[in-house]
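With these hints in hand, go ahead and build the complete structure from the sequences.
In order, the protein sequence lines correspond to chains A and B. So the first sequence is residues 643 to 754, counted in our numbering. So the second sequence is residues 712 to 826, counted in our numbering.
In case anyone wonders, no lab produced these hints; they're calculated from the structure. For glycine and all other residues, C-beta sits at the position ideal for the given N, C-alpha and C. Among the hints, erroneous ones may be present.
Quick list of simulated restraints, FRET-style, between CB atoms [as the list claims (entries may be wrong)]:
1) Ser729(B) with Glu658(A): 30 to 38 Å
2) Ser762(B) with Ala695(A): 41 to 49 Å
3) Gly751(B) with Ala695(A): 25 to 33 Å
4) Gln687(A) with Ser762(B): 19 to 27 Å
5) Glu718(A) with Val799(B): 35 to 43 Å
6) Gly751(B) with Thr668(A): 16 to 24 Å
7) Ala659(A) with Thr731(B): 27 to 35 Å
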Amino acid sequence: GNSVTQMEGPVTLSEEAFLTINCTYTATGYPSLFWYVQYPGEGLQLLLKATKADDKGSNKGFEATYRKETTSFHLEKGSVQVSDSAVYFCALSRANDYKLSFGAGTTVTVRA
Amino acid sequence: NAGVTQTPKFQVLKTGQSMTLQCAQDMNHNSMYWYRQDPGMGLRLIYYSASEGTTDKGEVPNGYNVSRLNKREFSLRLESAAPSQTSVYFCASSEKGNRDTGELFFGEGSRLTVL
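Here you go:
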């Protein structure tokens with residue numbers, strides 16, 4: 643079946659540090675891949691997505707590249723801010739299957 | 712824009728009590744979902760409704776029932792609550808069958824505690 647594995651947190655960083663959150667997946671066919679973010683007390687919201695191999699999704703300074711050869715979709719940001727403190731979820735959906743499978747989530751705390 | 716609205720936001724139940732979580736979306740989406748979020752386990756799909764008039768089980772349906780009342784509303788019912796159902800519940804909606812987006816729109820969550 644489909645599954646997503648994320649690096650375990652929590653992750654604590656200082657402002658302006660580089661952030662990487664690893665995500666690997668298992669799926670048949672060619673899934674679409676997503677990163678969702680959950681700010682404290684809120685629901686999840688889409689951060690970025692990629693629908694085919696070698697696509698790069700980007701938003702708010704975050705980037706992730708769909709790597710089919712390594713079945714990965716790692717999230718990166720070059721210089722984090724306190725406002726980036728949140729829980730980040732990697733997710734996938736298969737073609738013709740609109741349900742999403744989520745990873746366990748990674749809690750990121752950025753300190754001033 | 713309201714988006715996805717869930718009620719109640721907080722609820723405390725005793726074991727064996729029943730309750731219904733309500734969800735409504737105003738985006739004219741075909742598909743709606745109920746997830747639960749537990750520490751270290753991410754989001755797990757309880758039930759979903761691909762379109763009005765249909766419902767299907769997700770990963771963890773035991774102990775729950777759902778009703779797709781109309782295109783806007785999708786409710787989740789706990790008939791006899793158990794402490795293992797203590798969780799944060801999220802309703803979400805999306806367009807059906809659009810592989811290029813797959814984007815879910817989430818409500819703010821309902822925190823349920825079963826004593």
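Results of checking the hints against the structure:
1. Ser729(B) with Glu658(A): 30 to 38 Å: Check failed, 51 Å falls outside 30 to 38 Å.
2. Ser762(B) with Ala695(A): 41 to 49 Å: 30 Å, violated
3. Gly751(B) with Ala695(A): 25 to 33 Å: 30 Å, holds
4. Gln687(A) with Ser762(B): 19 to 27 Å: 24 Å, holds
5. Glu718(A) with Val799(B): 35 to 43 Å: 28 Å, violated
6. Gly751(B) with Thr668(A): 16 to 24 Å: With a Cβ separation near 19 Å, Gly751(B) and Thr668(A) satisfy 16 to 24 Å, so the hint holds.
7. Ala659(A) with Thr731(B): 27 to 35 Å: 45 Å, violated
Of the numbered hints given earlier, the model fails hints 1, 2, 5, 7; all others are met.
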